[in-house]
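Could you build the full structure based on these sequences and the hints that come with them?
Taken in order, these protein sequences are the chains called H and S.
Per my numbering, the very first residue in the first sequence carries number 1; after that it's consecutive.
Per my numbering, the very first residue in the second sequence carries number 1; after that it's consecutive.
Since the hints were made in silico from the structure, they are not lab data.
Remember, it's a predicted structure, so these values are computed and weren't measured experimentally.
Among these hints, one or two may not hold up.
[What the hints assert, rightly or not] Over 12 Å on every C-beta distance to chain S, these chain H residues come out as not near it, computed from the model:
id, residue
1, M1
2, F69
3, V85
4, A111
5, A115
6, L159
7, F160
8, R171
9, V178
10, A180
11, L192
12, F213
13, V276
14, L278
15, A280
[As the list claims (entries may be wrong)] Label-pair ranges, simulated between beta-carbon atoms:
id, chain 1, residue 1, chain 2, residue 2, range
16, S, R239, H, A72, 42 to 52 Å
17, H, P2, S, D417, 19 to 29 Å
18, H, M98, S, R112, 52 to 62 Å
19, S, E312, H, V61, 36 to 46 Å
20, H, L260, S, E180, 29 to 39 Å
Idealized CB from N, CA, C, for every residue including glycine.
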Amino acid sequence: MPAEVIFQSLLLGILQGGVYALVACGLTLIYGVMKVVNFAHAEFLTLGMYLAIAAWTAGGVSPYVSALFIFALVCALGAAAQALVIRPALKHPQINQMLVTIGVSTMMIGAMQLAWGPNNLVLSLPWSGATFDAWGVRLSYVRTIAFLVAVLIAGAFWLFLKHAKTGMAMRAASQNPVAARLMGISVQRVNLITFGVGTGLAALAGALIAPAFFVNPTFGTDYFILAAFVIVVLGTMGNFIGALVGGLVIGVAEGLGGLLLGPALRQMVSLALFIVVLLALPRGLFRGKMT
Amino acid sequence: MNHVRSKPNKPHASRRQFVKASAAAAAVAALPGGLAFAQANEIKIGFLLPLTGSFAEAGQLNKQAVEMAVDEINRAGGVKSLKGAKIVPLFANATSVDEANTETTRLISRERVTGIIGAYSSGSTISSTVIAERSSVPYLVPNALADEITARGLKYVFKTVPHFSQFATNAAEMVLQLSENAKRELKTCCLVRENNFFGNVVGREFAKYMPGFRIQILKDNIFPTNPTSFEDVILSLRRDSPDVVFAAGEPSSITLLFKQLSELRYWPKLGWVGLGGGYTNPITWGNLGKLADGLIVVNDWFPDIKLPGAREANERFRKRTGKDMLGNSNTTYAGVHIFKAALEKAGSTEGPKIRDALAGLDLVDGPQTFMYERVKFDPTGFMNRTTLVGAQVKGGQAKVIWPTAVRVADAAWPVPDWSKRT
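Printed below as a string of structure tokens:
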């Protein structure tokens, strides 16, 4: 195997890892703060992709502009879902919370199928396939932007959780909800913000990766949910830098694994790595720390 | 129903019972006459199709193709040699081998069908044809591809679609001829196929037949269902640098694959050939847009082919369903007309006579010429003149480019790589 091909695969794996990390960011936030396993996360990603396509086909709005509006819109939608169905379930055993999110996921898939039909839609920007040359490797702008945004979000949220008041409140609510409440933190409000921002991030990721993929109602579930959960657990739940590192590890492992062992065994390499890390570090690469 | 039961009203109930009883009596009285009527003027044909489940969309389209053919036949006066008897299609759901077997038995013993057409999947067809054979009921196979369907010495089974193996043999003949015309050498290929039933059939058949065509398979790239990236496949193709790539997959994976092929600017030396399934689905071409230009796809038929009535048949089907007559609707539609021609020739509804008529059929005209120039079965019951055709996609349309006799456009071969496209 020539070194040049391995280098190409490594670089492309890093970009793919950025895409994974971007998808996993929102999930890690919700999981880390609320301890809710949000099985509907993938559907908020899919919704973001559909909204980006709708904005492009209806008004010619680039997904890089509409992404911000989609983020805000889905934040509100996620917060509403939290208030209506997740909050009442928080009092009940964790299995109930999971089932509630599965219910939300099923309803969202049905609604998206009604709205946009079952077939694939494609967002074809005039420059969807545009690439640039980096060290002899062709990289697509769409994936590079997704990667940079993932790095930016991971960094920004790390700072936010470490230094901002709301961020500290989030960490407090996650570490000990009772003590946080006694210190005057509204855990309910923190949860509302967390779920809203978490689902908003999923939709933002969806809008940013839309030009590189296609979308159908089960896209998120079929393509990204498994990888996102693996990354979140690998990188420690609730840790944004962890999600980025986890995403890169999985992206590179899949890329090199696929190249060396054949694409059919691509996931075997990344999941074997996942098992090894979990056996050695059961609480993830960052040993349970959020920041 | 509950509120009726909780408030029994005797006079009404008895009146209802009376009405029911008299209706039943009337039905019984009418029955013998009705049956005699059906026997004289109707020919029941059983259709085994997956009407529900994961192949329901295809099954329902096939059902509409049957209805279109039956409507045409009955409107034109039915089967003339049988005093204008009308064809009555009986649809049976065949989503699994078990169901196909049960329904075949029911169609034969209870419905007393004259013949059976089906059963979409190869597995269901292989087992249900044996049941029909035991009862001497002719069985036409217009959509299941497995070679073994007609390789078991069954006397009542007739297959009008190409074999699985022809995806390898016809595709190889096509690319060799295109390369010869372009005076280019073709010695190597790679496979890019999804790890599913059809993908694995493609892998098996290509491994078996390519050596006979002196085409070396450099690498068989198998990708999992729902891949998030094809970069490893593309890097490996670039390293192997094959003359041609043969590929199979679903619309979603093909869409992602072609986006990444164009991003990484990889294209094989001569061209990319997609086999059946997702590659021949117009939805895929629509999703790919310009990326699909130059792609060569292989299937049993395309509406843009030089055969009489092809476009018209497709238009009629589009009017009914809003969809192109692809994905077996075309072969099923043709199959009904071929079976009708056999009935016409036999002038009888007896199984053995229809069987002999099918075996001796030699049709060069009739509605089925929109896709079959000549209908003639070999001793195994296979319509061995049938071949797969190749079409090249441009602007979201596939125009037939091979075999030469039915082509409507000349192939662009070698297919220009990304840098030479507009």
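Do the hints match the structure? See the list:
{"no.": "1", "hint": "M1", "result": "violated (8 Å)"}
{"no.": "2", "hint": "F69", "result": "holds (25 Å)"}
{"no.": "3", "hint": "V85", "result": "holds (28 Å)"}
{"no.": "4", "hint": "A111", "result": "holds (20 Å)"}
{"no.": "5", "hint": "A115", "result": "holds (18 Å)"}
{"no.": "6", "hint": "L159", "result": "holds (29 Å)"}
{"no.": "7", "hint": "F160", "result": "holds (28 Å)"}
{"no.": "8", "hint": "R171", "result": "holds (32 Å)"}
{"no.": "9", "hint": "V178", "result": "holds (41 Å)"}
{"no.": "10", "hint": "A180", "result": "holds (38 Å)"}
{"no.": "11", "hint": "L192", "result": "holds (32 Å)"}
{"no.": "12", "hint": "F213", "result": "violated (6 Å)"}
{"no.": "13", "hint": "V276", "result": "holds (21 Å)"}
{"no.": "14", "hint": "L278", "result": "holds (22 Å)"}
{"no.": "15", "hint": "A280", "result": "holds (26 Å)"}
{"no.": "16", "hint": "S/R239 - H/A72: 42 to 52 Å", "result": "holds (45 Å)"}
{"no.": "17", "hint": "H/P2 - S/D417: 19 to 29 Å", "result": "holds (21 Å)"}
{"no.": "18", "hint": "H/M98 - S/R112: 52 to 62 Å", "result": "holds (54 Å)"}
{"no.": "19", "hint": "S/E312 - H/V61: 36 to 46 Å", "result": "holds (43 Å)"}
{"no.": "20", "hint": "H/L260 - S/E180: 29 to 39 Å", "result": "holds (37 Å)"}
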